[in-house]
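Asker: Protein chains in written order, with my numbering: chain A, 21 to 362; chain B, 21 to 362; chain C, 21 to 362; chain D, 21 to 362.
Derived by calculation from the structure, the hints in this document are not laboratory data. No residue lacks a Cβ here, since even glycine has one placed at the ideal position from N, Cα and C. Hints are not guaranteed to be accurate.
[Said to hold, decoys possible] Below, a list of computed lysine-lysine pairs in the DSSO-like style, where the Cα atoms sit at most 27 Å apart:
{"#": "1", "chain 1": "B", "residue 1": "K43", "chain 2": "A", "residue 2": "K48"}
{"#": "2", "chain 1": "D", "residue 1": "K43", "chain 2": "B", "residue 2": "K206"}
{"#": "3", "chain 1": "C", "residue 1": "K56", "chain 2": "A", "residue 2": "K206"}
[Stated by the list, open to error] To spell it out: a stretch of chain C is covered by chain B in this simulated footprint if at least three of its residues, at any positions, have a beta carbon under 8 Å from a beta carbon of chain B; those stretches are:
{"#": "4", "stretch": "190-197"}
{"#": "5", "stretch": "214-226"}
{"#": "6", "stretch": "239-251"}
{"#": "7", "stretch": "259-267"}
{"#": "8", "stretch": "295-307"}
Given next are the chains, with one letter for each unit.
There are 4 protein chains.
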Amino acid sequence: MIKIGIVGGTGYTGVELIRLLAKHPQAKLTAITSRKEDGMPVAEMFPSLRGWVDLAFSDPAHADLKQCDVVFFATPNGIAMSQARELLDAGVRVVDLAADYRIKDIATWEKWYGMQHATPELVAEAVYGLPEVNREQIRGARLVANPGCYPTAVQLGFLPLVEKGLVDVNHLIADAKSGVSGAGRKAEVHSLLAEAGDNFKAYGVAGHRHLPEISQGLGNIAGKPVGLTFVPHLTPMIRGIHATLYARLNADVDLQLLYQQRYADEPFVDVLPAGSHPETRSVRGANVCRIAVHRPQGGDTVVVLSAIDNLVKGAAGQAVQNMNIMFDLDEGLGLDVVPLLP
Amino acid sequence: MIKIGIVGGTGYTGVELIRLLAKHPQAKLTAITSRKEDGMPVAEMFPSLRGWVDLAFSDPAHADLKQCDVVFFATPNGIAMSQARELLDAGVRVVDLAADYRIKDIATWEKWYGMQHATPELVAEAVYGLPEVNREQIRGARLVANPGCYPTAVQLGFLPLVEKGLVDVNHLIADAKSGVSGAGRKAEVHSLLAEAGDNFKAYGVAGHRHLPEISQGLGNIAGKPVGLTFVPHLTPMIRGIHATLYARLNADVDLQLLYQQRYADEPFVDVLPAGSHPETRSVRGANVCRIAVHRPQGGDTVVVLSAIDNLVKGAAGQAVQNMNIMFDLDEGLGLDVVPLLP
Amino acid sequence: MIKIGIVGGTGYTGVELIRLLAKHPQAKLTAITSRKEDGMPVAEMFPSLRGWVDLAFSDPAHADLKQCDVVFFATPNGIAMSQARELLDAGVRVVDLAADYRIKDIATWEKWYGMQHATPELVAEAVYGLPEVNREQIRGARLVANPGCYPTAVQLGFLPLVEKGLVDVNHLIADAKSGVSGAGRKAEVHSLLAEAGDNFKAYGVAGHRHLPEISQGLGNIAGKPVGLTFVPHLTPMIRGIHATLYARLNADVDLQLLYQQRYADEPFVDVLPAGSHPETRSVRGANVCRIAVHRPQGGDTVVVLSAIDNLVKGAAGQAVQNMNIMFDLDEGLGLDVVPLLP
Amino acid sequence: MIKIGIVGGTGYTGVELIRLLAKHPQAKLTAITSRKEDGMPVAEMFPSLRGWVDLAFSDPAHADLKQCDVVFFATPNGIAMSQARELLDAGVRVVDLAADYRIKDIATWEKWYGMQHATPELVAEAVYGLPEVNREQIRGARLVANPGCYPTAVQLGFLPLVEKGLVDVNHLIADAKSGVSGAGRKAEVHSLLAEAGDNFKAYGVAGHRHLPEISQGLGNIAGKPVGLTFVPHLTPMIRGIHATLYARLNADVDLQLLYQQRYADEPFVDVLPAGSHPETRSVRGANVCRIAVHRPQGGDTVVVLSAIDNLVKGAAGQAVQNMNIMFDLDEGLGLDVVPLLP
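Chain A on its own, in the form it takes in the complex (with noise of 0.2 Å):
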């Protein structure tokens, strides 16, 4: 059994960790820490985990996370940066679902996140834990940087035309809608129900952190820059994520084929046939990206719709897998769920 630590276990991301490693065949969860919630049993704050989880909160100054295999870091940005380098040290594996290790640029990572990097050296050898790009370098890893929701989909939807060099990576363009999870159990006013329900905005049209993430990642597959808009929006429900990509198309290409090859023997991406459209309901609480591939009219952009779960595939599943694979098991352990329809 590989022993668990979780780093900040009451907001969504942590709580979905516990979710999903509570039926996890190979994980046993050894500490679950929460500076506020010392003491308190999880399953107290979170009812639903009654008769599933039987640890209380601890404290992180008392927690003995060494003795843990992995640690996943379900923290704000800026913690898993300064914990991570005595933990490694001590032989722990690390996967953090915050941002401190996704952006290899120092200085980049620095003007976006508006912190100074606590431990710039372990930037460059955290790997990018998309399995779907990266699953080599993800089984050695003694330390993973877990991508974000947005980067998720957004990267899965544009990968085959990117790697292919079959788009104009220089106008890309992800028009993104998050249910308000992504926003994190944090009391603010605009995550209210009663500012966020049954409304629709967009919000940082200028710039969003996930900007810098994700044309890195394209950049990557495309070996070269990219130049990408990237608009995310508030829908107004709990859980998914749904990227509507555009690209100019620069050479002809059976799309759907491209789609179904690249993704044959990805056990967690699902290319639907051809004129779907995949709703977010469709894979709510499961590790699962479900994509179409259009080309209007048949003319010269072709339109991608991926869509996940922001706290699965965009977060805490993804990072399941990753552990997954970190630790040889197969890829799929505790990932079983069906999805919740209705």
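Based on the hints, put chains B, C and D in the right spot on chain A.
Answerer: Chains B, C and D alone, transformed into the frame defined by chain A:
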């Protein structure tokens, strides 16, 4: 492996049965019928099931349901009563998720359901499938009448009080609130998002079909007729029932202890700590009824809060639980789903 | 023109007052205060008001509220009680939308609100602003305590029965459901869309601050103390309260006629035809309470359904109605809003 | 007073027309037809209108629509085209809220709408009722084709750019999101709360009926054919459209100034300050289009955000605006509604 037939697989209780049975280690989905959708792959109608279910819907006329070990009717009222006889005669056991066999008094049933009963002789044989009350009878049953969603939440909530004769059973009040999936996957104006969204209303105050079912069940428990005021409401959410129950105490009793003892051995009833308020989301997707009991201001009115997922403990989950009991399996097989929160 | 001051314009009752008063033909918004947002144009915080309101928020320290004819407090509890005296002394009339002056018994108020009352001598003078009960006293009032949202819905629902002594007032039950705007525009985790959305729960069953307010009001109407069980619930919508009321009849009476006659001359109470079920959306945005009365199965339990928009008839609309009465204007001035449906 | 007839008063655009016209100082609702609901008081079907509308629905066969000054068709496509001729001949002016007269090319219309046009000769006469483009022609029109909801949001968003030739019109992209009331008050499974709630999806990517309408409109503005990729999405809210528009700039220009100048005199288009993100709730219930224009990272891609209430500026409100223009009334008469927020 138990060979399973589902009659009427296109509604919400049908797809929910499929979701649960797709992962049940002892169940083999053998036939899923739909008159309208004959030939359509189940996972085409419900993309959430892609990768989980390979079957196509089959016309009930051609599906060889008699080869099944058990057939679930996830149909509108009035279907099971016409088809159960033939299946039972062929040795197939039947679980009806509709109301055909729930009410013992034929005249009462015919009045509330507005049709003549096709097989009244089977009504007497049918076992009301509320395991917390009838577990032993279910074990040997050929024909199980799976309880309604409101009746499950209300009966489990009142059960300890009524069983012990602690309340005035002539004046019970059940104020129940349901998500819209309780109305089924039927195209009706009043269930549209634009009608039922951001809205709250009572309905059927003059009389609802679940009233005689609940009254019969509580009457059996009390050993005498009960008087019940039942007011159902529609609340703008997808899944979940919350029943708020009121009764006048006629004796002093430790209510918390009463409930905890009554349900101590019940795997799917969870009595919350004193002072709690169960949320419907804490049971989302799971086969559990969470209950809290209150006595505000120490008065003589007891208030019970009872929450279930109407599609699981209120329908498909309870049906699987009944099947497990009928076939001497572990009662929780296939029902080990962690609720989805948020 | 009546010069209007609003203390605390950034919450939901504040912005709702502004919405209504912006179109009131006899009102002139003169000052809208906010400690935090001093200088920010009101329409910048609430873009829905662009083109309707030119004022900026002003610091309460600098706003000359004494030049106003009336000041509304749309503040948390405990603010109005410290500031009302000075305004009243300056000849300004005051409407408090918070709870400071609603409860006549100081000890009771201090117990439920957890603070010492700053101006107990004004409590006696304050008129409880439920026009359907206290219209004449409101007319001459200097200081009006605007009722709470639940208390408005519950009192108007019980009023005809209690007034005539037709029910057992020792065992009244009010099962009330509120949209989340009732919790105010406060950053709190439990009001997030990701927490309160697609979810239903009761809260405060052991005791809610509106209990003593309702009990006082119904006790005054009955002429003797009443016993009330009050269970509030949170429902996943933005606006609206639906109260389902239960009482034991002690006399035979034509309930429909009783309600119609009692409210025949009330401009803002609408008794629906027999057999109706008021929906909260039928009052969305409007200052009206819609009521239906039922006697299920002809038994001795009466069921009253009462629906309001918590921000209008349950707060800002009733406050404007009170202002109209206080200033001898047509009671409906500024309140001629057609509910928004769908 | 203008005598008003509404054909098809039971749908969402119909009830929205009634909501607005009930308070219009120069309008007198004279006949509201419904084949199915003949004789039913309008306020019985829509209790929100109790106290505002006394009319009953009348059978179109008996309603004397020819006595009206103007008749609105709030009907499915294909109705107005059969009835407009007779009304026009009788001197009645007509506003069609459906699509019958929106597209000038008959073959295109017949292809997208799947029926033969009954009165092609009227198509040429009909004026496309987008006041910001066609105000003068509307003034004298007998027959106005009221624009679709998506087309209104998209055209107003692109208008200043296309009009001035500042973008590559061969590759316009409109990513549009609509609340479910856009689908009308029709009993359809995909619009159920249990289907469309807590869910997000694109639809009609291969081709949507509003595509030719938008292309025609933008083509007229550009003076040449345009290439448009239009992807509509369904978002789980009741009212509101948010269009996110993308185009490639071919010139340097002060975008903020461009938009402010273009719409300076438009009463119902509101250009937000630079850096803004319009929310759909900021226009809820009101006849206004709020627009923000962005140029992310100073690149050559312009992003326009355009928000309307699909039932108001996208349907009934714009129809009333057109009526006001047609009858030489103040353009804003009856449209002075403050948006409902929250």
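Asker: For each hint, tell me whether it holds in the structure or not.
Answerer: Hints versus structure:
Among the hinted pairs, K43(B) with K48(A) is consistent with the structure: their alpha-carbon atoms are about 22 Å apart, no more than 27 Å. Pair hint K43(D) plus K206(B) does not hold up; C-alpha atoms about 36 Å apart against a cutoff of 27 Å. For the proposed pair K56(C) and K206(A), the alpha carbon gap of about 21 Å is at most 27 Å, so the pair holds. Note: the stretch 190-197 of chain C has 4 residues with beta-carbon separation from chain B under 8 Å; the three-residue rule is met and the coverage holds.
For the stretch 214-226 of chain C, the stated coverage by chain B is satisfied: 11 residues place a CB nearer than 8 Å to a CB of that chain, which reaches the threshold of 3. Counting residues of the stretch 239-251 of chain C whose beta-carbon sits less than 8 Å from any beta-carbon of chain B gives 4, enough to reach three: the coverage restraint holds. As drawn, the stretch 259-267 of chain C meets chain B at 5 residues by the rule of a beta-carbon pair under 8 Å; at three or more, the given contact holds. Here the stretch 295-307 of chain C counts 7 residues with a CB under 8 Å from a CB of chain B, which clears the bar of 3, and the coverage holds.
Violated hints amount to a single one, hint 2; each of the other numbered hints is respected by the structure.
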